[in-house]
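Residue numbers (my numbering), protein chains in the order written: chain P, 92 to 558; chain X, 92 to 558.
Wrong hints could be hidden among the right ones.
A pair counts as met if it fits within one copy or between any two copies, since identical chains are not told apart.
Claimed, not checked - Restricting the straight-line Cα-Cα distance to at most 25 Å, the calculated cross-link-like pairs of lysine-lysine (BS3-like) are: (1) LYS115 x LYS446; (2) LYS109 x LYS137; (3) LYS249 x LYS133; (4) LYS353 x LYS389; (5) LYS249 x LYS130; (6) LYS353 x LYS385.
Hints in this document: simulated from the structure, not taken from any laboratory.
None of the values given here were measured: they were computed from a predicted structure.
Number of protein chains: 2
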Amino acid sequence: MEIASMNNDEKPSNFFTKGLLWFKSLHEKIFAKIVGIAKQFKTIAKDDPRRVIHSLKVGLSLTLVSLFYYFQPLYNSFGVSTIWAIMTVVVVFEFSVGATLGKGLNRGMATLLAGALGVGAHYLASATGKVVEPILLGLFVFLQACALTFIRFFPQVKARYDYGMLIFILTFCLVSISGFRVDEIVDMAHKRISTILMGASVCVIVSIVVCPVWAGEDLHKLVAQNMEKLGKFLEGFGDEIYKSSEDITESKVTKTSLIEYKSVLNSKNTEETLANFAKWEPGHGQFKYRHPWKQYLKIGGLIRQCACRIDALNAYINSEIKAPEENREMIKETSMKMSIECGKALKELSKSMRKMNLPISADEHVTNAKNSAKKLNSLLKSRINNWEEINLLQVIPLATIASILTDIVICVEEIGQGVNELASLANFKTTKSSKEIINTNKVMVVEKIELSNNHVVITINEQNMKL
Amino acid sequence: MEIASMNNDEKPSNFFTKGLLWFKSLHEKIFAKIVGIAKQFKTIAKDDPRRVIHSLKVGLSLTLVSLFYYFQPLYNSFGVSTIWAIMTVVVVFEFSVGATLGKGLNRGMATLLAGALGVGAHYLASATGKVVEPILLGLFVFLQACALTFIRFFPQVKARYDYGMLIFILTFCLVSISGFRVDEIVDMAHKRISTILMGASVCVIVSIVVCPVWAGEDLHKLVAQNMEKLGKFLEGFGDEIYKSSEDITESKVTKTSLIEYKSVLNSKNTEETLANFAKWEPGHGQFKYRHPWKQYLKIGGLIRQCACRIDALNAYINSEIKAPEENREMIKETSMKMSIECGKALKELSKSMRKMNLPISADEHVTNAKNSAKKLNSLLKSRINNWEEINLLQVIPLATIASILTDIVICVEEIGQGVNELASLANFKTTKSSKEIINTNKVMVVEKIELSNNHVVITINEQNMKL
């Protein structure tokens, strides 16, 4: 600082203005940064308001647990062990009930088991005398740490009991090694375990009682939402095929909403995590305790497969297809119909899943799409003789679109089967709307709904009726 | 038990044999289970032998840290605080150096900061008197827990500082609340911080010194491997197109090795996690400290895009293409060439990335593939008049394959560009083989290799030469 002021001694005013400017720009930069962070705060809170509630819940639980320290009678019975309750709350409290319960149960069970084993190891070692004791204890610690760390690599263990394994290693070490110094080891283990159990209970109770966030519900919504995204794309793509060459400006507006399907491609991890958490959750709302969460993963996989096909289709969204000729116009129309019917089927499936009703009209849409596919097939089979002077390059994009769409119809049918299986596993309701499907001036009355061999068989009787 | 034995009193021998059989089957079941687990142990260890070493490393670190308890002079200076060293080792020690360093630094920094703030909060609160103190402390705990829990939802924070945030909340609560009961708060904070730092140091040192597992190296290998998988598929697919109708039995054998590419589709999460860990790692082997890990994510994204196209292609692997007619044979041949050249390019890119050499012949393969694509285009442009009596349905699968392959060529070109960018960012070496590309009886001598604007410009001079 001194050197700088000496060098600039000749022009003090210049130096000061520079400094002032620097300070001003720094001030502005900091202000801009703060505004940026505040904006991010707002968007994160707006994206999912449950995040704010979660933060308040954590604060509440910690304050509740810290009461142990402030009240003399509570402190008298547990003493310094109270820190274990605080530690448990900080580490165990997670966003969803399933995650919190999973961690809480893992921590509780692991502490109990490892505590008991640790006490055993301590007594065993102390029986051998003061010289061998530390060696034996060191050996125990080494062996169990190696074995359990390796077991953590097992995929089944990693998915559900990883945290429990960690806590087992920790508790075993703490109890068996502390035992070497603290004489009242059983008392210590008892205090530690009871405070940990108290902390875990506070977490679980607060997370279930105060605005609970259910991982299962999130998974259910996510899968339904993904289905809807694909449905939206397919419906939009159907329109797109037809108007592509005319209103390009408009199509670019809708494109941003069509691109939503991309997020589906990377949803595997989220779905698996949520399913793992959901397995820990008790029954809640529409979901019973042993809700078939596995089926959601199956449907999710099929949806991703479909999204991958759609990604290939997306490359053709702006291919300019000139269709002056009658037959080609026909191809275009049937492709459009396939796309739109698939989209409708997916949207219908998504809607029925959301409301947990039996999907009815989805099968109809799939059948329509399949009929269009058949029509397209026979159209393409017809000898090309009557297509005079054809430029194959003009037909190819259309043919490719048609071909990929045929694959997508198969995917959508499989998704529909998956949802039907889920419906029979989770006993979806039959609603009024699924009992009576009203057509323009006919009423199709559902006579019988049977569940046979994972499929829903619906017998429909068509009756004329005045509207 | 008693009821059962009374009911079966009449046939004691029957009861006993049943019991014996049950016991025998139980025994067999348990034995089968144990054998199953042992087999799983073996496969997990075989899949990645570093897992066994990691388990031993954890055992070693824990045993090292527990020495603090056994030796009187060490125990005298730290006392019960030694448990914090053990806890740190159990929680911080991760599979890769990057993850361990990241957790260690997070824990160390968060403990220091939160410890200092906690002591400050304690003194501030204790100045207000015995009645207000617990209220004020409770308020501090509540506010910081809420704020930091919410900050954990920020994506940038979640990716790299999530663990630090957790430890900050924990330490602040422990220090500020404990201060309410323990009088020598500064001494306690000092002991706790120094033991935690010791535990973290043991982790970091053991993880770097004993057979280190570098997350960066894993990421590097994973991306190269994914590229190779796609290359393998494309090469195999090229062969498949040609022989499809003849040797179906043989094609099914190769199919299992072709299906490998599927794992690429879900590699996003692994790549992102590894990149986050890699950022913590110091320079090692061929990788400098600020290696462009971000570029790997970009290349990974392009590879996944390509894999998605390949997934669409895979649907056609068994489509029976009869090709009696000359022109169609031509389409087939050029498609095959495109696929094989793309495959070669990807394999070449993967190889050069593995060895960190400049990729040279990959560009050549891409150019070949592009030329084939052009040829195919002009072939399809040729009026179809001379294709007499054509059944369009027979051409469509071929045309679709060709169309998807054209997309794949573009993807592969982009991947090549990505690898070239990486090569210039990370200063890949020019090797002998990239200086001289030997053709059948010509030698192309590389005259100049320039790096300009993210692209590698190579000037080649062709010379005749006797081999």
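Against the structure, the hints:
| no. | hint | result |
| --- | --- | --- |
| 1 | LYS115 x LYS446 | neither (57 Å within a copy, 50 Å between copies) |
| 2 | LYS109 x LYS137 | neither (41 Å within a copy, 65 Å between copies) |
| 3 | LYS249 x LYS133 | between (35 Å within a copy, 17 Å between copies) |
| 4 | LYS353 x LYS389 | both (19 Å within a copy, 16 Å between copies) |
| 5 | LYS249 x LYS130 | between (37 Å within a copy, 18 Å between copies) |
| 6 | LYS353 x LYS385 | both (23 Å within a copy, 21 Å between copies) |
In summary, the numbered hints that this structure violates are 1 and 2.
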